[in-house]
Structure formats: structure tokens, C-alpha cells
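K.L.:
Each chain, written out:
There are 2 protein chains.
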Amino acid sequence: MAQDIYDKIMMLAKRRGFIYPSFEIYGGSAGFYDYGPLGSRIKENIENLWRKFYLLKDICVEINTPTITLFEVLEASGHVEEFTDLTIDCKKCKMSYKLESIISDNTKIEQAIKEDKIKCPTCGDHLKNPYPVNLMFSTKIGIGNSRDAFLRPETAQGIFTDFHLLYRYAREKLPFGVIQLGKGYRNEVSPRQGIIRLREFSMAEAEVFFDPKDKTHPNFEYVKDKEILLFDNEKEIKISLERAIKNKVVNNQALAYYMYLTQDFLLTAGVDPKKFRFRKHASDELAHYATECWDAELFSKRFGWIECVGIADRSAYDIQSHIDSSGVDMYAVRKYDKPKIVEVKKIIPKMKALGPLFKDKAGKIKILLETYKIKDDKEINLNIDGVTIKIPEKCYEIVQIKEKISGDKYVPHVIEPSYGIDRILYCILEHSYSEKKKKDEEYRILKLNQIIAPIKTGVFPLLNDERLNKISKEIDRNLRNNGISTYYDESGTIGRRYARMDEIGTPYCITIDHDSINDNSVTIRDRDTTKQIRIKIDKIVEHIKDQILNYS
Amino acid sequence: MAQDIYDKIMMLAKRRGFIYPSFEIYGGSAGFYDYGPLGSRIKENIENLWRKFYLLKDICVEINTPTITLFEVLEASGHVEEFTDLTIDCKKCKMSYKLESIISDNTKIEQAIKEDKIKCPTCGDHLKNPYPVNLMFSTKIGIGNSRDAFLRPETAQGIFTDFHLLYRYAREKLPFGVIQLGKGYRNEVSPRQGIIRLREFSMAEAEVFFDPKDKTHPNFEYVKDKEILLFDNEKEIKISLERAIKNKVVNNQALAYYMYLTQDFLLTAGVDPKKFRFRKHASDELAHYATECWDAELFSKRFGWIECVGIADRSAYDIQSHIDSSGVDMYAVRKYDKPKIVEVKKIIPKMKALGPLFKDKAGKIKILLETYKIKDDKEINLNIDGVTIKIPEKCYEIVQIKEKISGDKYVPHVIEPSYGIDRILYCILEHSYSEKKKKDEEYRILKLNQIIAPIKTGVFPLLNDERLNKISKEIDRNLRNNGISTYYDESGTIGRRYARMDEIGTPYCITIDHDSINDNSVTIRDRDTTKQIRIKIDKIVEHIKDQILNYS
Chain A
1 MAQDIYDKIM
11 MLAKRRGFIY
21 PSFEIYGGSA
31 GFYDYGPLGS
41 RIKENIENLW
51 RKFYLLKDIC
61 VEINTPTITL
71 FEVLEASGHV
81 EEFTDLTIDC
91 KKCKMSYKLE
101 SIISDNTKIE
111 QAIKEDKIKC
121 PTCGDHLKNP
131 YPVNLMFSTK
141 IGIGNSRDAF
151 LRPETAQGIF
161 TDFHLLYRYA
171 REKLPFGVIQ
181 LGKGYRNEVS
191 PRQGIIRLRE
201 FSMAEAEVFF
211 DPKDKTHPNF
221 EYVKDKEILL
231 FDNEKEIKIS
241 LERAIKNKVV
251 NNQALAYYMY
261 LTQDFLLTAG
271 VDPKKFRFRK
281 HASDELAHYA
291 TECWDAELFS
301 KRFGWIECVG
311 IADRSAYDIQ
321 SHIDSSGVDM
331 YAVRKYDKPK
341 IVEVKKIIPK
351 MKALGPLFKD
361 KAGKIKILLE
371 TYKIKDDKEI
381 NLNIDGVTIK
391 IPEKCYEIVQ
401 IKEKISGDKY
411 VPHVIEPSYG
421 IDRILYCILE
431 HSYSEKKKKD
441 EEYRILKLNQ
451 IIAPIKTGVF
461 PLLNDERLNK
471 ISKEIDRNLR
481 NNGISTYYDE
491 SGTIGRRYAR
501 MDEIGTPYCI
511 TIDHDSINDN
521 SVTIRDRDTT
531 KQIRIKIDKI
541 VEHIKDQILN
551 YS
Chain B
1 MAQDIYDKIM
11 MLAKRRGFIY
21 PSFEIYGGSA
31 GFYDYGPLGS
41 RIKENIENLW
51 RKFYLLKDIC
61 VEINTPTITL
71 FEVLEASGHV
81 EEFTDLTIDC
91 KKCKMSYKLE
101 SIISDNTKIE
111 QAIKEDKIKC
121 PTCGDHLKNP
131 YPVNLMFSTK
141 IGIGNSRDAF
151 LRPETAQGIF
161 TDFHLLYRYA
171 REKLPFGVIQ
181 LGKGYRNEVS
191 PRQGIIRLRE
201 FSMAEAEVFF
211 DPKDKTHPNF
221 EYVKDKEILL
231 FDNEKEIKIS
241 LERAIKNKVV
251 NNQALAYYMY
261 LTQDFLLTAG
271 VDPKKFRFRK
281 HASDELAHYA
291 TECWDAELFS
301 KRFGWIECVG
311 IADRSAYDIQ
321 SHIDSSGVDM
331 YAVRKYDKPK
341 IVEVKKIIPK
351 MKALGPLFKD
361 KAGKIKILLE
371 TYKIKDDKEI
381 NLNIDGVTIK
391 IPEKCYEIVQ
401 IKEKISGDKY
411 VPHVIEPSYG
421 IDRILYCILE
431 HSYSEKKKKD
441 EEYRILKLNQ
451 IIAPIKTGVF
461 PLLNDERLNK
471 ISKEIDRNLR
481 NNGISTYYDE
491 SGTIGRRYAR
501 MDEIGTPYCI
511 TIDHDSINDN
521 SVTIRDRDTT
531 KQIRIKIDKI
541 VEHIKDQILN
551 YS
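One line per chain: the protein sequences are A and B, in this order. The first sequence runs contiguously to residue 552 in the working numbering. The second sequence runs contiguously to residue 552 in the working numbering.
Simulated from the structure, these hints should not be mistaken for lab results. Hints are not guaranteed to be accurate.
One copy or two, either will do: identical chains are not told apart, so a pair holds if it fits within one copy or between any two.
Straight-line distance between alpha carbons at most 25 Å, and here's what the computed PhoX-like set of lysine-lysine pairs gives [what the hints assert, rightly or not]:
1. Lys364 <-> Lys8
2. Lys94 <-> Lys128
3. Lys361 <-> Lys14
4. Lys373 <-> Lys14
5. Lys280 <-> Lys545
6. Lys447 <-> Lys274
7. Lys436 <-> Lys359
8. Lys248 <-> Lys235
9. Lys52 <-> Lys545
10. Lys238 <-> Lys226
11. Lys92 <-> Lys390
12. Lys375 <-> Lys361
13. Lys173 <-> Lys473
14. Lys274 <-> Lys140
15. Lys52 <-> Lys183
16. Lys213 <-> Lys340
17. Lys224 <-> Lys235
18. Lys91 <-> Lys359
19. Lys173 <-> Lys224
20. Lys438 <-> Lys8
21. Lys404 <-> Lys375
22. Lys140 <-> Lys183
Bound-form chain A, shown alone (with noise of 0.2 Å):
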């Protein structure tokens, strides 16, 4: 059979030390892989360059939050009732398939249900009442009393719970960002696309909370004038961000900002622009907490166009949910230039009454207590370590008290740019692979740019020599002392050595030879260019330095 690019990249991933199946060793598992040596580095320099835009040049901070969630985090989000996928099982050869697995027309899976004409891919057998199936992992916290809860199907939840807390560290103005890195879940009914549908990725996400009266970006001025490539799903436009929001082709100046932030940001990384376009999501493809959504695709020779990185107006949805399933106050406020007096409620929690009846959840109730959202209904009940508690009148007092309020609350809106890193690794790989014929072997060279190459210069003596080991150990020393990732080499011909550091995509390889000892100089070479310059040894740190800063 011949191989395609997809083939040939894992399995160049696989003999080199990039990607790995998991537990390989016990059968494996669809939808999970390994990172290994060189591909954690990859992983790593793509995600380093990530938060450099989103931390250093961006309004943004980072947080971290668990990978396991309470439930009632994801039954406020909607992903409880809403991320699923409709699923049909064989009866005969018992096999479960995803529908849109089977019918890759989307549009077309209403019609096939309704004609009742779907079989199994496998044996062929008519395929009846299929049903949604939540794409969640499901855990439990705890024994005996335990909690249900899931691993997370996206960090963004992690941050939005935070809201408040995010709020009141950005001083209370908008807009400012969140982002998250780490692992997201999505438990895929049959995943059968390699590394491109995975079970447990690694992603990206950016929640940037806007007054859905200005969303205007502070640095859009600096970009208006760049242009995005818009595919509408029927043709290709070229438009710069101005003109995309003027012409009411992107909504606004928020989410376009953030399309070109990505564009940047993959391009950087090494994506071919060739390769790369933005999407709209039809009205029918949206998520459920979407009201826009952008999809920057990159094509692979096998899978077509790939969504890899998904930037959406997620609008009020989340906070509005969390505030109504939480009571807390998460909104925001927009300030008057003064501050007005007015009459509120407000509840002063009793710790004395408090403490008795509740001990040593008393302290969490008089938090909850004093952020609670006053509705018309006497009765507070509050969810304390997942069980829903009412609390006696005689614990609080509801006082009507003048209050200075400095604005007007409101819900922000959250844009999100949410990245696939799984997706965009895979994506560089097969963008930076070329091969050709070399003395009748295949000859393969990963040209991966100096920010993402997982090893940035290979160390070789030319000769087994004493003297040249030593002085090739020192170098490589000094190297890895200055934060710059080596591969030390002495065994097999240097044209060897060069073939080894090209198929994975190392661009310098330094070689130190006999007049090294001399003149203490040692030869560069560019694996794209495959020149060679001389240089003294003491220059190559700055040297190696300088190469990598001019990419980036």
C-alpha cells in the first residue's frame, strides 16, 4: 500500500522520537498518543511562543484550574445537556459509530434518519434509532458521599467560575484577557483520525471579557491595516481588518483583532500560509454558547481542511449561566464619573447562629451569603460541597442600607480564541516535510523554523579524537549552559550525522575538526542552505542566539 504524507510523518514520528501510540505495549487505545522526546520539545516551543502573544504582547494573564470538574459546573455551562454526539449502534457486529462518522454531509443526517437508510460501515446491516451521547469523561470525587463530576471539555470553564476573582485582580476594568494551557477531554464514540481526534489534547484558550457596548481592542490600531484570507464558505477574500469590520464581514473589532493575532501567531510558528485560511461557522455548526464563530483551518493532504483553531463570540453565555445557577454577583461594572447613593438589600450574615448550625461549613456559607444575588423569594438555598443547604432565616438579616454605587452592572462578553496544539503540531510537521532521492535513498528534511525545532544545533567532532571530544564536550556544555537544546554526536560519517539532524529538523549542525584546535574556530552549517561558515568558538552562543531572536 502506498503511504501517504500522514503515514510517512508518524512513522518518521514514531522511529525518531516525536509521537508515540499509546500504551502501545498493551494493544493501545484510539485517540491517544504520546509526546516523546523531541515531540514534548515542539510541544513546548509552540506553546511558549503561544503565551508570548497572548501574555507579553496581549492584555492577557494566565491561570490554571483542575482537569476534573464538579458537575454543577458543566450542568450551568450546558455541556451536561449539549455536548453530545448522536450515535447509532450495529446490533449485528456491535459496533458504535458516530452518525457524522457515516454520513460526512453534515446537512444530510436529518434526511437519513428520517429515510431510514443508514448501515453499518462494517457489516452493512440496517442501522436504527440513534441517540446523543454525552462526549464527557465521568468520574467521582470522593467515596461513600462522593461527587459526580467529569474531565474538563475545555479550560474555559475553569477561568469563567473564576470571573470575579479575575475582575477584582485587573483592577476592575475592561477589556483583559485569561488564558489557559493543558489538557482538555472529549470521550470520541470511535475517534479513527490519528492525532488530528484525540481523546485527551492539549489546548490553548484565550477568554477576553469585553463591555458588550465597546468591543474595541486597545491595540487594533497597531494591526487594522493587515489583512486576513475569509473563506465564506463559497470563495476566498483577501480584506484587511478595517475593511472586514466596515464591510460587517466580522462583527467586530474584538474578534477581528483576535483572527489576526492568530494568523500571526501560526504563521510565526511556521505554518505555510498556503495553507491557512479562516472559516465562518454556519448558523446551524455553532456551539451551543456561540453567537460567532471563526475557525482558522490549516490544510493537510489527507485530511482536507483542518479546524484548528476555533475564535468565538461566546457573548454572555457563560457568566450569565454561572451567575444564575451560582447566585454569586460575577458582573462587572461600568462606572459613573460619580459615585451615586442609593438604597440596596444586602444580607449580614449571623456567624453566631451561623456557627452552631453549621460548624465547619459555616465559613464557606457566610462567603456565599454575603455575594448572594437578593431574589424575590424568601427562601436562600445554597449548594455547599454538592448538597443544597437552606439557610434559616435567623442565620442573615436582610438589611435595606444606602450604598455608594459606582456604576451600572452589567454581564461582559467573552471572545474566545481557543487552539487545538495537537492539531497545529501535526499541521507544522507535515507543512515542514520534504523528501527527495539521495544516492537512491530517501533523503527526508524537517524544515522547521528556529522557534519550533526541537533540537537547535547538533555537536559533532569530525574525527574520534581525544582532543576534538573534548573541546566538542566544552562547546556543547557551554551551549546547554545558555538555555540552547544540542545533540551530541561523534558515531558515523558527518554526512550521516547532517542526515540525522535534518530528519529532525535541527537547522545548525557545528562541527569541530583539527584546526579547530589551532585556530579555535569550528564550521556552521545552515540545513536549509546546507552553506557553512567559519566562526570562533567563543562566538557561537551569541551567534546560535542571534539566529533564533531574528526568527522570532
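For this one, chain A is given, so just place chain B on it according to the hints.
P.N.:
Leaving out everything else, chain B in the frame of chain A:
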């Protein structure tokens, strides 16, 4: 109630954005914490420093494997059987307790059970019948024909199950090490020690593979005279590495080397040397896989000595278990000077028979057959996708062939330094915390060092003046473009702004005043000495970089 240092730190941590209790708006859940904007920076700084020690200074590479782990892996590793806590339930108040948390002295548990004298710490009722509870979070992969899985209790197993691939990456030379950073999970029965005992935690582990006949480390020579502080459960001794081995206080060079690396890392990260020691595990304390283990313990005023790193000799336990359970050849080879020719039995898979019989599983079976270790019994059973499949004899041939053997096979031994990042982070906060009275107000300084500090520089225009703000923003932007985290602040008195930065551990504050307009200079204040120096604007980046580098 008087606050102790833990309360003070956790309040500061919440107020300023280091650490938040998770899911607080839904009443929270014990054993889960979020890292806020500042906490996540500290965590990343600690992890990156750790990588420097293990990836660049030592002989390790890094991998990333899934947190969801197949049942088979954790059954083989002994975790299904052994990763348990003895638990006891109270029938009256419906609480469950880890026995160790009721009876603080480990050695008295057996006796207490025998004497039947255990009382409920909540209601005082008599407790009976303790039983072991497995501490892994369990879940299922897929629907219908689903497979049992757990959230990993340690990152190590992902490394062990890839050993044969990693050994190839290391070009079949020992010693070499493999690190992994990421989440670990432990479904504690009733965690009560805040951030010290988490159900989901951040780990950094290294598994370093040695020939059991040669547990020397190539870098030992550089550090043999360094001293470590040991506590043998009776007294503390300060001893050089070389002497510790000579006197058989520590069993081998590899263990001693990683103890020193651990000490060096922790002190560089900002642990107080007076609150640091190594303690040896008593034999009844050892995990099921360990033959010797030293804990690096850090002292906390609230918790006493806390185990933050375990440095264990796991011997051949794990690799041997996976060889036995999977049948895959995961041996290392001690090479002969010259290869020998020997007669061996080998399995030749017959794809013509495997293909029609096993369809899409045939490829996996072929790979497993080729590495299958032939036993005396004739039947070959393979575990494919969770199902044990008997392979009919017609599908393979066992041939007696002459093979060139390059050396003796052996199961490598593993030395494992395993770090609990959250505990280390908390201890660094506690060791860095200081407070004093200033004008009758509590004044707090976090003396975090330059590497660990979440924000490296505050940037302050002295007065709210458009020209000063403009220069300040340019300085801020320039620092960020050079990878230096900043906090831009134009509000409040300069004293108030210094105080905000002191409280979160920012080592430098840059103030831009009216003189800056004319002399292109700014003032840089040092947090610890409060001394100020005047420096040219175009020298700021270099100066700050030097300060951070000099420290590391």
C-alpha cells in the same frame, strides 16, 4: 481566632491572585485549588527552572503521555492492588476517614485495629472494620464496549511503558533519564490539609535508567565533595556525597547524585536552607515499588516537615512488571566487545493468515508477535484493545535461527526523583513571607528571588502626566518584548505602588519622573534593600536581564 502563617499566606494568595479555592461559587470541593495570574507564573518559573536542571544540566529527555491510563498499565504496575488507603466509616454520622488521619502515629494503626479502640473524630462513635480503598479516580474510555481506565497516580508509568522506544532514542546506551511534568491524581478519602494534600496535583518526575551492575553517574565527579543534610529518623548529619556512599549511608552514586541535584534545585528556587533536609524512609514506609527512598523535606510552621520530593530506587520493579504483563521485549543490552552467533527461537508472523482473520487488528498483532517473548507454553495470547485474543498456530511460525547477539539482556534499574510542585510552591511562599508594622499597618514582603518572582518589574510614571505615561508605556512594552514580565501601574502614591509590588514579590520597580524627559534616565528600586539607582532608559532591559541571570 489568631491567624497562623498558613492562613495569612492563603488570604494573601487569594486577595492578590496567587491561589484560589476551586469551584468556590458552587461551594468548593476539598483537595482542589486554582492558580491565579501570579500563582501560575510562579508555577511555570519553578517548572522551567526544574527543566533546566534535568534537561540541560543532566542526562534527561522529556516526554508527555496521557493522564488517562489504561487499566492494564496500572494493574501491571501494582497500583490497582496496592495504591490504597485503609479507610473506616462512621455509621452514625456517615463520614469516612483515612485511618492514618485519625491515628497520627503510623506504627500504632495495627495495634488500634486489634484493640478495637477507634473513635469517630466527629461524633465520638465507635468505629469498626477498616477496609482498603483504592485512591485512583476511575473512568471509562468509549461507550458500549468501553474500557476501564484511571487518572494516573504518577506520571512515571507513561515513561516505563515507552521504555523500549526511549531506549532506542538514547541509542541503546545507559544511563539515560526521562522526565515528565504534569498532573497526577489521588482520590483522597478526606483531604484536610489545604494545598498540601490535593486530589489533583502537579508533579515533575524523572526516571533515570541504570545498568544494575553500574549505578554510577557521569556527572558525579563534579559534585562528589558537595554536602547534604541527612536525617535518619534520629539525628541530623551533614555529609559529603562521596562519604555518604563510602559509609553506606546512601546505597549508590545515582541516588546520591539526584539527592544533591534536588538540593541544588530547591535552594536555587528559594527554599530556606535552614528549613531543608533529607529523611530516609523506614522499611515499612516504602512504596510497593521501592527498595530505598529519601525524601527531601521542607519545614512549614503550620505543617512541620513536609515531604516535597521523594528520591527512590525503584530497582527493576516496573520494567520487569511490564515485561511480564505485556510480553514485550523491554530489556536493555550489555554489549559484548564482539557479537556472538547463537541459536534463538523467533516468531515469524504470517500476514496471509492474520489479515483475513483479524482484519484491521492484524497490524497490531504483527508488531506484538515480532517482539513476543517465547515462553515454554505453546499458546500465544495477546491483549488487543482490551480483549485477550488467542493467536492460532497457523498465523505464525516459530523458527530456530542463528542470530547475531550483541550482548546480554538485562532489566534496567530506575532511580526516580519525584517532585510535588504544589507543595514546593507553597513552602517557597511560606519561606519568603515576611511582615512588619509600617505606620501601624501590616506591611508584607514576599522575598521571592529573581527567577521565581511572577512579575519582574513594576513600571510607574511618578505623576499622572501624559508625557510620563507615554515614556512609561514604551518602557513597559520594550521590557515585555524582551520577555520580561511587568506590572504597569499609574494609580496611587508611589509608596502605595511599591507596597503592592513588595507584597507580591516583585524584585524591581522602575519609576519615571520629570527628570526622565530630559536625562533619559529612570530610577530602579530594589525590593530587598529599598536602594534606588539611576539608569539610562536604553540600559534597562540589559540591567534587569543581568540581575535575573546573575541569580540563576
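K.L.:
Identify every previously stated hint that the structure contradicts and give their numbers, smallest first.
P.N.:
5, 7 and 14
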